[in-house]
Structure formats: C-alpha cells, structure tokens
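> Next come the chains, spelled out residue by residue.
There are 2 protein chains.
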Amino acid sequence: MEETLGELGEFGLIEAVTARLPQGPHVLLGPGDDAALLAAPDRRVVASTDLLVEGRHFRRDWSTGYEIGRKAAAANLADIAAMGARPTALLIGLAAPATLPVRWALDLADGLRDECEPVGASVIGGDVVGAEAITIAVTALGDLAGREPVTRSGARPGDVLALAGRVGWSAAGLALLTLASGGDLGEVAESPLIRAHLQPEPPYDAGPAAAAGGATAMIDVSDGLVQDLGHIAAGSGVAIDVDPAALELSPLLAAAARCGVDPYDWALAGGEDHALAATFPSTAGLPYGWRRIGGVLAGGGVTVTVAGQPYRRAGGWAHFSGDAPVP
Amino acid sequence: MEETLGELGEFGLIEAVTARLPQGPHVLLGPGDDAALLAAPDRRVVASTDLLVEGRHFRRDWSTGYEIGRKAAAANLADIAAMGARPTALLIGLAAPATLPVRWALDLADGLRDECEPVGASVIGGDVVGAEAITIAVTALGDLAGREPVTRSGARPGDVLALAGRVGWSAAGLALLTLASGGDLGEVAESPLIRAHLQPEPPYDAGPAAAAGGATAMIDVSDGLVQDLGHIAAGSGVAIDVDPAALELSPLLAAAARCGVDPYDWALAGGEDHALAATFPSTAGLPYGWRRIGGVLAGGGVTVTVAGQPYRRAGGWAHFSGDAPVP
Numbered sequence: 038m039e040e041t042l043g044e045l046g047e048f049g050l051i052e053a054v055t056a057r058l059p060q061g062p063h064v065l066l067g068p069g070d071d072a073a074l075l076a077a078p079d080r081r082v083v084a085s086t087d088l089l090v091e092g093r094h095f096r097r098d099w100s101t102g103y104e105i106g107r108k109a110a111a112a113n114l115a116d117i118a119a120m121g122a123r124p125t126a127l128l129i130g131l132a133a134p135a136t137l138p139v140r141w142a143l144d145l146a147d148g149l150r151d152e153c154e155p156v157g158a159s160v161i162g163g164d165v166v167g168a169e170a171i172t173i174a175v176t177a178l179g180d181l182a183g184r185e186p187v188t189r190s191g192a193r194p195g196d197v198l199a200l201a202g203r204v205g206w207s208a209a210g211l212a213l214l215t216l217a218s219g220g221d222l223g224e225v226a227e228s229p230l231i232r233a234h235l236q237p238e239p240p241y242d243a244g245p246a247a248a249a250g251g252a253t254a255m256i257d258v259s260d261g262l263v264q265d266l267g268h269i270a271a272g273s274g275v276a277i278d279v280d281p282a283a284l285e286l287s288p289l290l291a292a293a294a295r296c297g298v299d300p301y302d303w304a305l306a307g308g309e310d311h312a313l314a315a316t317f318p319s320t321a322g323l324p325y326g327w328r329r330i331g332g333v334l335a336g337g338g339v340t341v342t343v344a345g346q347p348y349r350r351a352g353g354w355a356h357f358s359g360d361a362p363v364p
Numbered sequence: 038m039e040e041t042l043g044e045l046g047e048f049g050l051i052e053a054v055t056a057r058l059p060q061g062p063h064v065l066l067g068p069g070d071d072a073a074l075l076a077a078p079d080r081r082v083v084a085s086t087d088l089l090v091e092g093r094h095f096r097r098d099w100s101t102g103y104e105i106g107r108k109a110a111a112a113n114l115a116d117i118a119a120m121g122a123r124p125t126a127l128l129i130g131l132a133a134p135a136t137l138p139v140r141w142a143l144d145l146a147d148g149l150r151d152e153c154e155p156v157g158a159s160v161i162g163g164d165v166v167g168a169e170a171i172t173i174a175v176t177a178l179g180d181l182a183g184r185e186p187v188t189r190s191g192a193r194p195g196d197v198l199a200l201a202g203r204v205g206w207s208a209a210g211l212a213l214l215t216l217a218s219g220g221d222l223g224e225v226a227e228s229p230l231i232r233a234h235l236q237p238e239p240p241y242d243a244g245p246a247a248a249a250g251g252a253t254a255m256i257d258v259s260d261g262l263v264q265d266l267g268h269i270a271a272g273s274g275v276a277i278d279v280d281p282a283a284l285e286l287s288p289l290l291a292a293a294a295r296c297g298v299d300p301y302d303w304a305l306a307g308g309e310d311h312a313l314a315a316t317f318p319s320t321a322g323l324p325y326g327w328r329r330i331g332g333v334l335a336g337g338g339v340t341v342t343v344a345g346q347p348y349r350r351a352g353g354w355a356h357f358s359g360d361a362p363v364p
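Chains as they are written, first to last, in the numbering used here: chain A, 38 to 364; chain B, 38 to 364.
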C-alpha cells in the first residue's frame, strides 16, 4: 500500500515537499514561516493567480502528478511573462482527499519545481488542506526589471499582430486523448501533440523580449487565440485581423485532423498552449521568437476577424458552461 | 429565482466583482489583465497563501458569503502581520458550482474588500472556475517598510512571551454554533463569541508594532496557542511556558463553558482567532496592544508547557484528520 496524505499528515507532507524545493536567488525567506519573503528589486511586483480543478482542468488518468505540476506552473508563469516580466516565485495551495498517495503530491511538487527552475523562479510557500476533490491554486509573482508592463490596452491601428509559441497543439492533443479514451493509448501517447497538451511549453523569454522590443499590447493565449485577441481588441478599442496563412500550422496538426476537425479551429480556438500574442508598432522589427500573424485595424463592428471575415466558432474555453475541455 | 454563476458566466462575474473592489495606493495595475502590478517600495514582498474549503473551513448555513469573505481575508492578512509587515494586496481564486447565486459571490467580494480596506490592502486579482464544491484560495502580499521580518526562529531563553488579540473566542463560538445546530440559533446568534468565530478580528497593527519593538519571534495563532507556540519552540530551539493566569480569559468564555468544556482548553487549543504571539527580550517594554503571557526557557524535553506542566490536550487543528472544527 502506498502511503497517503492522511497517514503522513499536513506537517509531514509540508516537510517532505519543502525538502524538494530549492530556493533561488530572489528568495530571502522560503517556506516554513507564516509567510515567505521575496526580493522585488524593481520596487514593483507582478502577481497573478489561477485555480485548477480535477475533472475540469486535468484528469489523473491522463496526466501524472508531475505533468499536472508542470502545467499548473506553466499557466501561471505565462501570465507573468505576458506582462513583460520574469517570474520569480510561485505559491501553491493544494486541496486533496486524505486518500491521495503522498507520491502524487511529491510528483506534483517536482513538476512545479522543474517548470520554475529554468525561468529562475522558486516555490516559496503553500498550503495543504483536506477536500473531496483535488484543487490546485497557483499564485505567480514576477519582476519587470524596470520595464513598463505590457497591458491589453495599448494596441493601435496599424500595429502588427505577432505570435510567440504554438497554437492548436494542446487542443489537438486533447482531441487525440479523447479519441483514445477508454483504450490503451499505445503509440498515440507518444504524439508531440499529446505531450503539448499534458505539458505545455510557453515561450517565457518572449514576454520580456516583447516588452523590451516596444510591444504595445500583449496577452497569454490560454483560452483560444480569437477569444484572447478579443480581450486586446476590447481593451484597446481596436479591431484585429488574423492572417491564417501566417499561422504556419504544423504538419502534425493536419495529420491529426483525421478526427474530422479543421486544424485551423484548433489553432484559432484551442487554448492551453500558452502562446503569447502581442502587437508591435509597424516600424519596429519583431524581437527574436516572434512572427507576424496579422494586423491591428480601427475599432468598430466585429473586433476579431480571420482573413477579414468573422470567425464562425464562438470559440474558446468558457467556465461554468458545458464546453469544458475535460469532460 | 436568483441569478446564478452559470447564468452570468465567468466574464460577467469578474466584471461585477471587479466593479466592487476599490484599488488602493499600492496598486499600479488592478484586476483585468494577465496579472496585476503592485508597488513594493521596500524592494521585498511578503507573501502567503491559504485555501478554504466549504464543509471544512466554513458552512454556508452558519456563515454568510460576506462573513466568509471577511474571515478568508483575515486569516491571510494576519499571516502578513505575523511577519511584521503591513498587508498591501490579496489575490483570490474562487472555485464554485454553476448553481451558486451571484449574490453570494458578490457578498464574498464585499467581505474581502471590507476586511482589506482598514489595513490599506486591495484585492488586485483573481480567478473563477467551476467546481462541485466551493473552494476559496487567498494569497496575501505585504510590505515590511524596511523592517526585518520576524520569523519563528529567533526566540531566546529569557525572552518574554506575549500575546496580542483574543484566544479561545472562536472555538467557544464554534461550540455554541454546534450546540445550537439544527435549531433556530435565536439569541445565541448574537453572542460575541459566535461573532468572533464567524468574523475574527486579528490585531493587524500589533504585527508591525512588534517588529518595530524588537520582537525576536512571532506567529499567527491560527491552529491553537499551544500548537502554534510549538512552531516557535521548534524553530528557535527553545522551550516556552504559558502562564494561564496571565491569559485573562474573558468572562464570556466562562459563561459559555456550560457545554462542559474547560474554557482554558478553548484558549490554549482553539484556533482561528488569529491572535499574534511573539517573544521579546526581557529588557524591552512590550509595544502597545501586547500583554505578557509567559516566558521562554532553554530547550529540551517538552517544548511548550502551561504553568510548567505538559499540556494534556494534543490540541489544535489538524488537516487530513477527523478532528475538523466544522463537521
């Protein structure tokens, strides 16, 4: 029998998890006290929070604890990058049943750690409580190093729309997982699309690079490209047109479209890849890692179009609706 | 029929909540973007996170959404104060069923806001997701204004043990609520002890005052005085003795003891009042709001004693055990 959280207890779990979490140079006081203390050399701190709920954001039969840790961290670190900042720290809340194997919680911590380390962030604090279902709360903090934050509201007509990272991969991977559900995943499990769904790879460096390169607006594509560009359009009072030819869809997406889906729907409406979308003055060259995918127009009428046309799918992830990506 | 979260939708709820949340002077960029931006004038930021789960930390038939908001904020703001810092911001994650009335979520936001405002903190960000049960994730941030953080590890033999705020009130209020459960609470509902359980009043100012006044160690009493002093004793390698006569129990506690409980057990083992306990050099006067309740001794043997004796109750709140304060 595997040891469970109920057997190890709250303080035992905290001790075991904390021992696995190295503390980076920003950490002045790590886990173990009433609160942690983090350096904020910029005199400002960027902060964002997200909740992940089992059955809605992840399934334990599809993802390991490690993968869920990576993905939970990635979603939040990408929010920090989307402001133009570098992530410095995560705080984690874990609500879980007493029957959960300790191993799963340690794997989760390892995944959080391994997603944080390459970007220089540390898990500096957390909380564990008993609950019926697993819920993971992640708060990410970051530092702008003197840069101005890139919000959703600075896009101007004439700006170039650009993308860093992948779109559609996670949605295609989810479709493959759903197709294979119930049976042995077999070689499908090795698909880079499924890997992309289980463990997204946000282009963290592209956020600060965009801020330094004069980006006028930026967003983390978490709910779907068209839907998230709608937030920039609304925030900036502009219209945005996506050039689908410029999306340069991976051949993998076309191959996976055997499940009867237009791969452009994955790219335009699929979430969870945590690409970054930003707008730049047309006079500026795009920073490394960014590619042009459209342009910014004067506002009025439909705010986001694809090749000049309204996009037919309502698209994107909606909480509290039946349109959850994980059944 | 009351409008529900499912009818209003994620973005409608965020808009309605955000409109109720004033942004204080520390907020450089409030809710509505990928992340918020908060001033950290000290070049350091204090950070802590907590999860509250329905049925374990609160009951909707005992507490209003407003009271739960106040209490959720209080628990986290007290953690910041216990480091010697002033709270500057909260980030909130709310997982809730689609059937939850919008009114309840707005009341929660009002409670969070009203607990934050007097201490100068703002709710700067959040997330809402669908889930079977209500879970509230709270992250608090704070500023030390140049003071050194007061940890759990600096207590020295000979130090004075001091307390700010109330102990035992919340546990007594919970006992009254449990006694009255099922029936109409009637006049019991007006008891200050029940009010203390539903809406604790942490002595926020006492934290920074203790730091400025030379406190050697400090902790937020969230799980029970003896249990939480155990963390200072362990962190500092000392023993701590509580003088029960110095606790100056309120006559209210004695009156409530008609349910057959020794009121000292509430004071020594009851959590959730979010008093602050700290140690001070014996040569220092105690800052305003603090009173002596014992002393620090050389380590070895039982780490926390009451009038020189081991305290008989194992005491305090334990997650993942059957000893949950809310059935």
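Since the hints were derived computationally from the structure, they do not count as laboratory data. Worth double-checking, as some hints may not be accurate.
[To be verified] Here's a subset of chain A near chain B, in silico, CB distances under 7 Å, partners left out:
1. 66
2. 82
3. 83
4. 164
5. 168
6. 172
7. 174
8. 189
9. 191
Glycine included, every Cβ here is placed at the ideal spot set by N, Cα and C.
> Checked against the structure, which of the hints given earlier come out wrong?
9
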